[in-house]
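A.B. asks: Listed below, chain by chain, are the residues.
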Amino acid sequence: MNPSTLASPGLFTVEGLVGVVFLTMAAITLVGGLIACNSDRLVRSLSGLVICFVGVAGLYFLLNSPFVSMMQILIYVGAITVTISFAIMLAAPEEKRKIGPPSLFSGPLGFIAAALIAGGFATLAVKTEWTVHDKINDGSMKVIGLQLLTDHSMVFELVSVVLLVAILGALVIARQGREQ
Amino acid sequence: MAPLALYNSLETYLVIGAMLFGMGIYGMVTRRTLIGMLIAAELILAAASINFMAFNRFTAPDPATGQIFTLFIMAIAAAEAAIGLSITIAVYRHFKSIDAEDTAQLKG
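Chains as they are written, first to last, in our numbering: chain A, 211 to 390; chain B, 414 to 521.
Just to be clear, a hint being listed does not mean it is correct.
[Claimed, not checked] If you anchor each label on the Cβ, the simulated ranges turn out as follows:
| no. | chain 1 | residue 1 | chain 2 | residue 2 | range |
| --- | --- | --- | --- | --- | --- |
| 1 | B | 514 | A | 218 | 47 to 57 Å |
| 2 | B | 506 | A | 250 | 40 to 50 Å |
| 3 | B | 416 | A | 348 | 21 to 31 Å |
| 4 | B | 516 | A | 365 | 31 to 41 Å |
| 5 | A | 352 | B | 506 | 41 to 51 Å |
| 6 | A | 372 | B | 518 | 22 to 32 Å |
| 7 | B | 519 | A | 356 | 50 to 60 Å |
| 8 | B | 486 | A | 378 | 14 to 24 Å |
| 9 | B | 518 | A | 371 | 45 to 55 Å |
[Unchecked claim] Stretch-level coverage of chain B by chain A, calculated; a stretch enters the list once three of its residues show a Cβ under 8 Å from a Cβ in chain A:
| no. | segment |
| --- | --- |
| 10 | 415-422 |
| 11 | 431-437 |
| 12 | 497-508 |
Since the hints were derived computationally from the structure, they do not count as laboratory data. Owing to the predicted nature of the structure, the values given are computational and were not obtained by experimental measurement. Backbone N, C-alpha and C define an ideal beta-carbon position, used for all residues, glycine too.
So that you can see chain A by itself, here it is in the shape it has in the complex (with noise of 0.2 Å):
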């Protein structure tokens, strides 16, 4: 943000390589995210989202919070992408059976939409003037954890109804017409 921090550092200082490794995350997010948005196969589309999500949890770790880094590696590649995988096997959708010609969102229409949204954010983004603030604290996990149980306690409570609400949810909608 400050000028100073600009500056090229040299590629064997600790700045270089942590920009080396900063580079190589973001490649492997946006492969990822290329792959699991591109591909025609659906268990190749979930690799792709495991591969994005690696790449995020080590953006999160160059984003000074080591703690959400390895929740995203908990949650998402351990948990939400073998959801989604089970699915897959259940569910055994039948690969490549179009269904008459693909309707015009399905192609250059949609990809031009995507290109304009994603378009217009990074030019927000880029011409924006952020204010900085000073930090009141160095958020790490001890504050962390003192927060989400004083200030955030409401919400953390409710999180965990909503997570056991959206178990049983899951369990009572898929056992239906399990018997027939």
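With chain A's structure known, arrange chain B on it following the hints.
C.D. replies: Just chain B, lined up with the frame of chain A:
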């Protein structure tokens, strides 16, 4: 700007988040199966989380709030994945297909 110093600026992360968001929108529009749409939705959520974490690191006065919000996004994403997949399985049992075009029972 030097490419090796990109990791220390807010805009880089925001641009990465915007690109992930665009990929998610593209996948959401082009996918024909429900599971594919769910994967695209996960991409969009990841993009939103990256934006939260970037603002948390660079501009916010309290650097714990954004991390906590990202944790809540993860919890909601887990709930969303569980519900969405059970709906997918129920749709597959009923229609023998998870193509979004086939669930057209109400069509006249």
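A.B. asks: Quick check on a hinted range of 31 to 41 Å for residue 516/B and residue 365/A, using CB atoms only.
C.D. replies: 34 Å, holds
A.B. asks: Three residues minimum, CB to CB under 8 Å: does the segment 431-437 of chain B make the cut for coverage by chain A? Let me know.
C.D. replies: Coverage by chain A holds here, the residue count being 7 at a Cβ distance below 8 Å.
A.B. asks: Do the Cβ positions of residue 372/A and residue 518/B conform to the proposed distance bound of 22 to 32 Å?
C.D. replies: 30 Å, holds
A.B. asks: How does the coverage statement for the segment 497-508 of chain B fare against chain A, requiring three or more residues with Cβ below 8 Å from a Cβ of that chain?
C.D. replies: Contact hint for the segment 497-508 of chain B vs chain A: holds, 9 residues under 8 Å.
A.B. asks: For the range 21 to 31 Å, tell me whether the beta carbons of residue 416/B and residue 348/A fit it or not.
C.D. replies: For residue 348/A against residue 416/B, whose Cβ atoms are near 28 Å apart, the range 21 to 31 Å holds.
A.B. asks: Please verify the coverage claim for the segment 415-422 of chain B: does it have three or more residues whose C-beta sits within 8 Å of some C-beta in chain A?
C.D. replies: Per the Cβ count (8), the hint holds.
A.B. asks: Range first: 45 to 55 Å. Now tell me if the beta carbons of residue 518/B and residue 371/A are that far apart.
C.D. replies: Given a distance of about 33 Å, which is not inside 45 to 55 Å, the answer is violated.
A.B. asks: Okay, residue 486/B versus residue 378/A on CB: inside 14 to 24 Å?
C.D. replies: Between residue 486/B and residue 378/A, where Cβ atoms are some 22 Å apart, the hint holds.
A.B. asks: Please test the hint of 41 to 51 Å on the beta carbon pair from residue 352/A and residue 506/B.
C.D. replies: Holds, at about 48 Å.
A.B. asks: Hint says 47 to 57 Å; check whether the CB-CB distance for residue 514/B and residue 218/A agrees.
C.D. replies: Since residue 514/B and residue 218/A have Cβ atoms about 52 Å apart, the given range 47 to 57 Å holds.
A.B. asks: In this structure, is the beta-carbon distance linking residue 519/B and residue 356/A contained in 50 to 60 Å?
C.D. replies: 51 Å, holds
A.B. asks: Between residue 506/B and residue 250/A, is the Cβ distance one that fits in 40 to 50 Å?
C.D. replies: 25 Å, violated
The structure shown violates the earlier hints numbered 2, 9.
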